[in-house]
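Using the sequences plus the hints, can you model the full thing?
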Amino acid sequence: MRSFLALLKSNRQFASGVVLLALVAAFACLSFFSPYPPNDSFVVAPDVPPSAEYWFGTTSRGQELFWLLTFAIRNTLVFGIVVAVLSRLLALLVGLVAGYAGGWIDRLLMSINDTFIVIPLFPILVLFYFVLKDHMSWGLLALMMACLGWSYDARLIRSVALSLRHREFTETGIFSGMSTRQILVEEHLPYVLPIVFSTTMNNINWSIGLEVTLSVLGFTDINTPTIGVMIYWANQHTALVAGIWWWIFFPVLLVVMTFIGLFLLAVSMNEYIDPRSRLGRSER
Amino acid sequence: MSGYGLYLLTRLGQFALVVFIGINIAFVVTHATPIDPVEQSIAASTQFGSINPEAIEMMRQSLKELYGLQGGLWDQYVTFWRRIAVGDFGPSLSAFPTPVSTLIARALPWTVALLVVSTLLTWVLGNLLGGLAGYYRRNRALRFAGILAMAFHPIPYYIVAFLLLIVFGYLWPVLPISGGYTMNMEQDWSWEFILSLLRHGILPVASLALVGLGGWFMGMRSLVSNVVTEDYVAYAELAGVERSRILRSYVMRNALVPQVTGLAISLGSIFNGAIITEQVFGYPGVGTLLISAVHAGDYSLVLGITTVSILAVSFAVLLIDLAYPLLDPRVKAR
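Chains as they are written, first to last, in my numbering: chain R, 1 to 284; chain C, 1001 to 1334.
Don't read these hints as lab results, they were simulated from the structure.
We put the CB at the ideal spot given by N, CA and C, even for glycine.
Pairwise CB distance ranges (calculated): (1) C:Val1112 / R:Phe175: 53 to 61 Å; (2) R:His135 / C:Gln1061: 22 to 30 Å; (3) C:Gln1070 / R:Leu108: 29 to 37 Å; (4) R:Gly243 / C:Arg1082: 50 to 58 Å; (5) C:Thr1182 / R:Ala22: 42 to 50 Å; (6) R:Ser163 / C:Val1112: 35 to 43 Å.
Reference listing, derived: stretches of chain C covered by chain R, where coverage requires no fewer than 3 residues with Cβ under 8 Å from a Cβ of chain R: (7) 1149-1155; (8) 1291-1305.
Shown next, in the form of structure tokens:
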């Protein structure tokens, strides 16, 4: 806790990242106090610009943008976190095993890994939607993206695990009869956790970005409000042409805040993990 | 075997693996779901009015043949590969009877051109500025450029493209926001046509560059600031080698090697970005084709585009890999 406060004071990137994300998270939490359920429409007058009564204005579907947005950002964040947690499990499994086993297992796993890095995922996700159509749900998309989005971080984890393999404590573990699973989970996992945390931020950014893109095109479950789905409905009602700019502006603003916040957090965490870059920082 | 031969062989093996796994994912996605594309197409086309059952049955058979869904799972798998091998994805349903391959071949040059121009521009500019920023750390303008690049970097392609669309389409309409060239213009290589191509390309390229620049900039900056602390750089400085020469041939050259690898790694996501951007600006490439194929319910076209994307991206990565030894001669010595 003390180091957290110290970091908050000393590192401006970390501080701004935390502030941005705290604002977004607080906003998402407001959804629990919303006076309307998320999918009710025509509960207020449509197309009212932002005012004292409706802070963010209202949509053409008669929803109050402020409360709708709280639900949307909450769903978007939860989506990102679910994908990140699931894909982290895969990345940890592949990375730790490849790094520890070495030899042909390592080469095989990394070949598969590099394949997943290279394959263009967007057409595959579109194909996935195309096959599922109305059966597409929020959970399925999260599962699919977790299965596709682990590779880049598995490589990072493996590079750390590789260096742990020849450390003395690993050998001590082997000679004292620990199983491979025990060594990986109890001995190696704690070493890779910092890097896992920083990649989590990047992964959330990645999955939210794709989710927004797919939803804006209408290629997800368009009845669950997320940031992308909100922009989708705004586009469907040609909000920009009709001059209802607030319907687009506030979701975009909020999601951009999320992206920059997560990114700053990831960058400053990397700096914290890798002391070499911290050295470069103090030189300036 | 010589080092280069071995390198060549492993890269070709990796290329084959990417294609193999990629195509398998496409197969699994289309075949593992309980939803039958044939029934979906039939449901869509029989939505209005009734058609006699025999006609529906005939339709079902020909659709099955068209989609390669005849026989058992193994037969379908073999058919899937055979079609890819000969480049035959059947006729497109939305633009019947034009073959899917013709539609893709028509759109692909646009995407390739957009990708090559924007990637080269972004990569060169990002590395150049990043290298300078890593070497001249106190320069104010470069530090400001760094902050700007970082601010745009985490925002996804779609949002950046969308923001540019709003700015240059509604707030300050000076650039064309849709299409690849002025509509109804004759497509000869006249000066006017080229100018129109360029003007229509500005916004898509700009949105790809805005997102991409930050990554190369930050990567190169940290690489260069690590290389600068090496002894040989200090020695060169003491020996009185010109600073510009140190930067060019001592520092940048070495730092560029991992950046080339980085380009190969991120090509897939750059491709994703390009097809998303195309859709925003209605650019007549593969991305726009893909989205309209989905809306039109054109199964063979969607599948064809996915397959071609996988093939094209892995081939481009192979090309970068093959050029890599030119920059890093150590590969040959291994």
